[in-house]
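*Asks:* Below are the chains, spelled out letter by letter.
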Amino acid sequence: MPVITSSKSQPSYDVVIVGSGAGGGQMAYTLTLAGLKCVMLEAGRDYDPVRETPMFQRPDQAPLRGVATPDKNFGFFDSTVDGGWQVPGEPYTQASEKKEEQFHWWRPRMLGGRTNHWGRISLRNGPYDFKPRSRDGLGFDWPFTYAEVDPYYTRAEMLVGVYGTNSGMENTPDSPAGVLLPPPKGRIAELVAQKYGKKLGIPFMPIHRAVLTRPLDWQTLPAKLHPNNPFAQRIVQDAMRARAACFWATDCGRGCSIGANYQSTTVHLPPALATGNLDIIANAHAREVLLNSEGKATGVLYVDKTTGKEMRVSGRVVVLAASSGETVRILLNSQGGKGIANSSGLVGKYIMDTVGTSVGGQIPMLENCPPHNEDGAGGGHFYSPWWLYQEQAAGRMDFPRGYHIELGGSRHMPSGGNPVPDDFIQGAYGTKLKEEARRYYGSFVGYSCRGDMIPNENSFCELDPEVKDKWGIPVLRWHWKWSQHELNQVAHARKTFTELIESMGGTVRKPKSNDPLEYIEPGGKVIHEVGGAIMGEDAKRSVCNRWNQTWDVKNLFICDGAPFASNADKNPTLTIMALAWRAGDYLIEEARRGNL
Amino acid sequence: MTESDRPRLSRRDVFKWFAATAAAMATSEAELFAAGPLAPAGTSSSVSATGYGTDPDLTRQYNPGDVWPLTLDASQTALLAALCDVILPADSFGPAASTLGIPGFIDEWISAPYPVQQGDRPLVLEGIVWMEAESQKRFQKSFAKLDDTGQGAICDDICNPASARPEFKQAARFFLKVRSLSMGAYFSTPAGWQAIGYVGNTPSATFDGPPLEVLQRLGVEQTVL
Numbered sequence: 001m002p003v004i005t006s007s008k009s010q011p012s013y014d015v016v017i018v019g020s021g022a023g024g025g026q027m028a029y030t031l032t033l034a035g036l037k038c039v040m041l042e043a044g045r046d047y048d049p050v051r052e053t054p055m056f057q058r059p060d061q062a063p064l065r066g067v068a069t070p071d072k073n074f075g076f077f078d079s080t081v082d083g084g085w086q087v088p089g090e091p092y093t094q095a096s097e098k099k100e101e102q103f104h105w106w107r108p109r110m111l112g113g114r115t116n117h118w119g120r121i122s123l124r125n126g127p128y129d130f131k132p133r134s135r136d137g138l139g140f141d142w143p144f145t146y147a148e149v150d151p152y153y154t155r156a157e158m159l160v161g162v163y164g165t166n167s168g169m170e171n172t173p174d175s176p177a178g179v180l181l182p183p184p185k186g187r188i189a190e191l192v193a194q195k196y197g198k199k200l201g202i203p204f205m206p207i208h209r210a211v212l213t214r215p216l217d218w219q220t221l222p223a224k225l226h227p228n229n230p231f232a233q234r235i236v237q238d239a240m241r242a243r244a245a246c247f248w249a250t251d252c253g254r255g256c257s258i259g260a261n262y263q264s265t266t267v268h269l270p271p272a273l274a275t276g277n278l279d280i281i282a283n284a285h286a287r288e289v290l291l292n293s294e295g296k297a298t299g300v301l302y303v304d305k306t307t308g309k310e311m312r313v314s315g316r317v318v319v320l321a322a323s324s325g326e327t328v329r330i331l332l333n334s335q336g337g338k339g340i341a342n343s344s345g346l347v348g349k350y351i352m353d354t355v356g357t358s359v360g361g362q363i364p365m366l367e368n369c370p371p372h373n374e375d376g377a378g379g380g381h382f383y384s385p386w387w388l389y390q391e392q393a394a395g396r397m398d399f400p401r402g403y404h405i406e407l408g409g410s411r412h413m414p415s416g417g418n419p420v421p422d423d424f425i426q427g428a429y430g431t432k433l434k435e436e437a438r439r440y441y442g443s444f445v446g447y448s449c450r451g452d453m454i455p456n457e458n459s460f461c462e463l464d465p466e467v468k469d470k471w472g473i474p475v476l477r478w479h480w481k482w483s484q485h486e487l488n489q490v491a492h493a494r495k496t497f498t499e500l501i502e503s504m505g506g507t508v509r510k511p512k513s514n515d516p517l518e519y520i521e522p523g524g525k526v527i528h529e530v531g532g533a534i535m536g537e538d539a540k541r542s543v544c545n546r547w548n549q550t551w552d553v554k555n556l557f558i559c560d561g562a563p564f565a566s567n568a569d570k571n572p573t574l575t576i577m578a579l580a581w582r583a584g585d586y587l588i589e590e591a592r593r594g595n596l
Numbered sequence: 597m598t599e600s601d602r603p604r605l606s607r608r609d610v611f612k613w614f615a616a617t618a619a620a621m622a623t624s625e626a627e628l629f630a631a632g633p634l635a636p637a638g639t640s641s642s643v644s645a646t647g648y649g650t651d652p653d654l655t656r657q658y659n660p661g662d663v664w665p666l667t668l669d670a671s672q673t674a675l676l677a678a679l680c681d682v683i684l685p686a687d688s689f690g691p692a693a694s695t696l697g698i699p700g701f702i703d704e705w706i707s708a709p710y711p712v713q714q715g716d717r718p719l720v721l722e723g724i725v726w727m728e729a730e731s732q733k734r735f736q737k738s739f740a741k742l743d744d745t746g747q748g749a750i751c752d753d754i755c756n757p758a759s760a761r762p763e764f765k766q767a768a769r770f771f772l773k774v775r776s777l778s779m780g781a782y783f784s785t786p787a788g789w790q791a792i793g794y795v796g797n798t799p800s801a802t803f804d805g806p807p808l809e810v811l812q813r814l815g816v817e818q819t820v821l
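Chains as they are written, first to last, in this note's numbering: chain R, 1 to 596; chain V, 597 to 821.
For the record, the hints were derived by calculation from the structure and aren't laboratory data. Backbone N, C-alpha and C fix where the C-beta goes; we use that ideal spot for every residue, glycine too. Any given hint might turn out to be false.
Only part of the chain R face toward chain V is listed, based on derived beta-carbon distances under 8 Å [stated by the list, open to error]:
no.	residue
1	P203
2	P206
3	A249
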């Protein structure tokens with residue numbers, strides 16, 4: 001079975017999966033290796049990273065030197081195709097005209113979804129992150145502990161390959177020995193930040209990213225991942241051997257034709273397809289989950305975008321993994337707009353993003369640095385986990401949740417934009433200008449806050465009562481509001497980054513505003529949208545149970561970020577994979593018992 | 597990541613510049629600025645082409661003019677090439693800007709059907725007219741044909757918006773725009789990489805981190821062993 005058109009689909013499948021990113025990809029992997037027949041619907045086109053990734057293409061080979069445009073929001077070479085902040089013909093609306101109350105919704109329309117261009121940062125939630133309400137009385141607890149997810153984090157790390165180190169730090173879990181791949185060496189701006197950060201108590205250290213710093217151990221990992229399943233072991237072994245280790249060049253955001261980093265299209269989908277148990281229908285824009293008279297899901301109604309016709313695909317189980325927003329849209333539009341899985345009234349509620357703000361600086365000691373190659377692993381090598389849990393516990397902070405710091409220097413490939421801000425080189429031209437460019441290149445640094453957002457009543461999405469997309473499907477309307485928790489958090493981050501830059505003798509690039517509401521990244525801009533179908537212990541106060549299974553429709557599972565009951569500072573992708581794997585194992589067992 | 601501050605120019609700004617510059621000039625030159633029949637073809641026209649879309653082929657090589665039509669004629673291009681070469685000349689760091697296709701890039705830029713680029717278009721087109729008029733006024737010669745001294749005399753007056761005399765303030769914005777675009781384009785070529793000190797985009801079996809010389813210079817040690 002392969003990537004097919006809708007007319008070639010089978011009369012019925014075991015499982016219909018909507019979405020092909022981290023959640024859908026993991027689900028397809030887990031289920032097909034266990035022998036279940038699956039069909040995957042992807043709203044975008046088929047996409048082949050091996051053939052389509054611009055690996056060594058240079059900016060001077062691209063239109064406009066590859067700078068970002070409304071057609072390619074993250075630059076010409078970004079892997080995202082047919083999507084972005086706006087998708088033609090598929091609008092979304094805002095409930096408020098105030099910009100701080102708006103949500104920016106990133107929607108790729110391609111096989112593999114956001115996993116093709118994502119930052120590959122793969123952090124485990126810690127024990128606190130699953131029980132935040134028990135700690136500080138805010139938000140919601142998840143219906144399980146860290147210990148229950150721990151084995152699935154380990155499996156996900158072994159399958160996708162994650163580099164990093166074990167820090168032993170509070171609420172920053174270690175992986176079992178031998179699971180993480182070796183971290184890459186520090187770049188100069190990272191090592192300088194580490195030295196000066198230490199004086200301020202900020203522990204910069206190797207980050208965890210899904211990039212192979214050496215080939216995967218294909219001889220032993222498949223048996224650990226799939227004990228007693230020789231079929232799965234053989235297929236996973238082949239899939240692991242097909243991935244090469246990083247060759248220390250090119251930005252991961254372009255995707256990776258050699259499979260050195262994780263994207264669903266190079267890691268999850270090839271083995272799933274190799275089982276012969278997966279059909280993928282591209283250009284399939286899901287509209288509704290179909291229910292029978294007993295309230296069980298029977299399949300999915302979708303628009304075949306190539307013909308504009310409505311089609312149905314049947315399955316014994318339906319998995320939604322379309323991204324929080326899309327999953328909410330499908331749930332609310334089901335049963336002709338009456339909605340499903342919504343007896344709690346919470347579908348669409350508690351949408352969260354990661355809290356973001358950034359401070360840039362210029363560091364004189366990094367000027368005129370001897371040229372050397374810092375491409376590295378195509379993304380960050382270092383970060384700092386949140387380091388002030390004890391200060392918060394002691395009541396000395398004015399915000400309850402943490403943030404981690406991502407950092408970057410600037411000795412990367414100059415990519416179309418002017419590498420030196422105009423104010424550093426006032427009046428210069430000629431050879432003097434080139435001297436100045438060489439002097440300042442690599443001396444700019446940036447620090448980003450990536451923080452925990454607490455779910456609130458004012459951040460949610462619902463169906464717009466009037467606006468429909470080009471297929472006639474009601475679209476989402478977004479509501480957004482930051483609470484003082486997040487605003488105090490970014491204020492702390494800004495103060496911290498300013499101190500750090502100044503401690504290095506550097507100058508902060510002053511942002512225009514001192515109002516946290518102005519310098520916090522707008523909702524959705526970090527592209528970590530989670531929530532909207534949160535999980536919990538109580539069917540009245542949650543949409544999903546502890547197995548990502550909806551309370552109301554037993555054979556309906558949600559395996560993207562929508563079931564997240566909180567949004568830790570840790571980037572959500574690894575948790576999406578771990579929970580999808582866990583839910584997949586449960587689904588297989590329940591199906592065997594005839595409970596679905 | 598640090599992004600340069602790229603001033604975005606609105607149409608209204610251009611009209612203000614237009615008015616200010618025109619007031620400071622003799623009538624004959626001012627007429628060159630009028631968006632009427634005396635303005636060269638393309639000066640005031642907008643772009644109607646479409647962009648490359650949301651799903652372009654990312655792996656092929658593109659040249660200016662491949663996706664949308666260009667704007668500049670031979671004399672405008674010659675002036676721009678001369679200006680780019682004043683800004684980024686041939687020297688020990690690398691070749692002159694014009695040999696790296698920078699004028700063609702700027703033409704591609706101002707011809708692009710996107711808001712940022714459309715915002716820059718009037719400034720660049722009107723600036724080219726201003727440069728030529730200024731050169732004719734001072735030296736009775738095209739800017740492209742001036743010697744280094746002549747080109748330098750004009751550029752010195754407009755190279756710094758902060759210190760430029762009032763009558764040159766708006767021309768200085770044009771200079772800054774061309775400088776910024778030229779730098780972005782120049783340093784994103786292999787020759788430009790060498791000039792600025794970027795090393796990379798080449799596969800390697802290992803990543804060794806900064807060399808010892810660099811570690812010592814910054815007084816740090818490699819902490820990942």
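*Asks:* With 8 Å as the cut and Cβ atoms as the points, is A249 (chain R) at the interface with chain V?
*Replies:* Hint holds; A249 (chain R) Cβ to chain V Cβ min 5 Å, cut 8 Å.
*Asks:* Against chain V, run the beta carbon of P206 (chain R) and see if the smallest gap drops under 8 Å.
*Replies:* OK, holds: P206 (chain R) within 8 Å of chain V, min 6 Å.
*Asks:* With a cut-off of 8 Å on the beta carbons, see whether P203 (chain R) makes it to chain V.
*Replies:* 11 Å, violated
In this structure, only the earlier hint numbered 1 is contradicted, and the remaining ones agree with it.
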